[in-house]
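Chains as they are written, first to last, in the numbering used here: chain Y, 1 to 293; chain R, 294 to 456.
Since the hints were made in silico from the structure, they are not lab data. Among the hints, erroneous ones may be present.
Here are the computed lysine-lysine pairs in the BS3-like style, where the Cα-Cα straight-line distance is at most 30 Å [as the list claims (entries may be wrong)]:
1. Y:Lys82 - R:Lys445
2. R:Lys334 - Y:Lys43
3. Y:Lys82 - R:Lys366
4. R:Lys307 - R:Lys334
5. R:Lys445 - R:Lys424
6. Y:Lys88 - R:Lys424
7. Y:Lys210 - Y:Lys237
8. Y:Lys237 - Y:Lys173
9. Y:Lys88 - Y:Lys173
10. R:Lys298 - Y:Lys47
11. Y:Lys47 - R:Lys366
12. Y:Lys88 - Y:Lys209
13. Y:Lys173 - Y:Lys209
14. R:Lys449 - R:Lys415
15. Y:Lys237 - Y:Lys154
16. Y:Lys43 - R:Lys298
17. Y:Lys209 - Y:Lys237
18. Y:Lys82 - R:Lys449
19. Y:Lys47 - R:Lys334
20. Y:Lys154 - Y:Lys251
21. Y:Lys82 - R:Lys415
22. Y:Lys251 - Y:Lys210
23. R:Lys415 - Y:Lys88
24. Y:Lys82 - R:Lys424
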Amino acid sequence: MYDLAALYEANSVAEAVSLRLAHPEAQILAGGTDVFVQMREGKRAGKALISIYGIDALRGVTLEEDGTIRIGSLTSFSHITKDPIIQKYINVLGQAVDMVGGPQIRNAGTIGGNTCNGVTSADSASTLFAWDAIVELTGSSGVRRLPIQDFYIKAGVVDIRPDEIQTAILIPKAAYEGYFGHYIKYAMREAMDIATTGCSVNVKLSEDKKAIEDVRIAYGVAGPIPMRAGTAEALAKGQAVSAETISSFAKAVLEDIHPRDSWRASKAFREHIAVELARRCLTQSILLAGGAL
Amino acid sequence: MAQFKEIHCTINGKSVTTVVDVRASLTDMLRNDFRLTSVKKGCEVGECGACNVIIDGECFNSCLYLAAWADGKEIRTLEGLLGPNGELSDIQQAFVDEAAIQCGFCTPGFIMTAVEILESGKRYSDEELRKLLSGHLCRCTGYENILRAVRKTMEKRLAAREN
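Work out the full structure, taking the sequences as your base and the hints as a guide.
This is the structure we're talking about:
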């Protein structure tokens, strides 16, 4: 038995919105792999829950007419990894969410829940930051879309209004076309672990594959919320594909990130790892994009 | 105030209707209402995999799954693998033969994951199998015997299909 005060089940987005308005004290429940754990730990004990897990309309990945990749918020990690659209255009996202927990957790956990939790270590978050993802929220007055960087407010807090639920994550065509990316999760174990630091990079090379036309890098656990490293991005943009570019790009991430000491790892160690992950992720991304090093 | 929900689902091929307390996990329901005690209560926070069952063809830790969500679902537990007279299935026998069991607490969960692996009909490398089995903790066997039991059954079934 879970220590929950009441359960309200929504089978449609409209139903979820009216339940949100009717029960402002209740918390949203998706796949349950974090909510139930926190309930057991006592953090969410005694709370009422609005389960949106039954809204099948929020499952699946589709390609919209303008080329936007639409990931329904309740799509499980394993379904994202297996999805042909994801594999074709943003395979790195499928790889990143394939590192969450273990197989059963990846069948239950959802990308919407992973982002709405607002935690910095979410395996999906750094890749979504790096791909300029848009978060779609639906409330009583309609649909609201905002860049994922604005969705995260502070540790554990995201921009969901009292009448809203997250309904999709969108990756616009301009954000993925021609880009290739790589994610590394640095953790103590190969499964059932939380990232010490995670790094996601993607790159678009010039036609001759000799220069970096655009590069984006994002981290998890390099600060209270996932973040981009803008200084490093600006420094490498337009530069020649070379070991020197990669090396200065990697060092520059220290201008942007601010990890902390925690029981998982020290700040100094995280900074060291962050530079190394940036180097490896950019190298791999360049190779995936057809560049030579 | 207690809150209940009537649910209809299929458990090990049998269609059932039951009334659940909405606070119940699927583990609670399977153990208490249906006496399917192969579904173990281990960590109850999704770490150990002892409560693993197959829901609509995919493995889930039933400790992190509401009984109320089982409505309309097809659920399989280890009990569903037995033959009409309690005969062991190939994967269960392989666990016995390879000494992949000691205390047995993790075994039903492991075997249900193995069932999902085997029913995919694919051939996996050892590295892939390790990853597929990584959602389970075993404190007795050191995992090698478990890996061997799954690999052996996979090869047997694939060979049977090819012939």
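Results for each hint:
no.: 1; hint: Y:Lys82 - R:Lys445; result: holds (26 Å)
no.: 2; hint: R:Lys334 - Y:Lys43; result: holds (21 Å)
no.: 3; hint: Y:Lys82 - R:Lys366; result: holds (22 Å)
no.: 4; hint: R:Lys307 - R:Lys334; result: holds (23 Å)
no.: 5; hint: R:Lys445 - R:Lys424; result: holds (17 Å)
no.: 6; hint: Y:Lys88 - R:Lys424; result: holds (23 Å)
no.: 7; hint: Y:Lys210 - Y:Lys237; result: holds (12 Å)
no.: 8; hint: Y:Lys237 - Y:Lys173; result: holds (20 Å)
no.: 9; hint: Y:Lys88 - Y:Lys173; result: holds (13 Å)
no.: 10; hint: R:Lys298 - Y:Lys47; result: holds (18 Å)
no.: 11; hint: Y:Lys47 - R:Lys366; result: holds (26 Å)
no.: 12; hint: Y:Lys88 - Y:Lys209; result: holds (20 Å)
no.: 13; hint: Y:Lys173 - Y:Lys209; result: holds (21 Å)
no.: 14; hint: R:Lys449 - R:Lys415; result: holds (12 Å)
no.: 15; hint: Y:Lys237 - Y:Lys154; result: holds (29 Å)
no.: 16; hint: Y:Lys43 - R:Lys298; result: holds (26 Å)
no.: 17; hint: Y:Lys209 - Y:Lys237; result: holds (13 Å)
no.: 18; hint: Y:Lys82 - R:Lys449; result: holds (26 Å)
no.: 19; hint: Y:Lys47 - R:Lys334; result: holds (23 Å)
no.: 20; hint: Y:Lys154 - Y:Lys251; result: holds (26 Å)
no.: 21; hint: Y:Lys82 - R:Lys415; result: holds (15 Å)
no.: 22; hint: Y:Lys251 - Y:Lys210; result: holds (21 Å)
no.: 23; hint: R:Lys415 - Y:Lys88; result: holds (22 Å)
no.: 24; hint: Y:Lys82 - R:Lys424; result: holds (15 Å)
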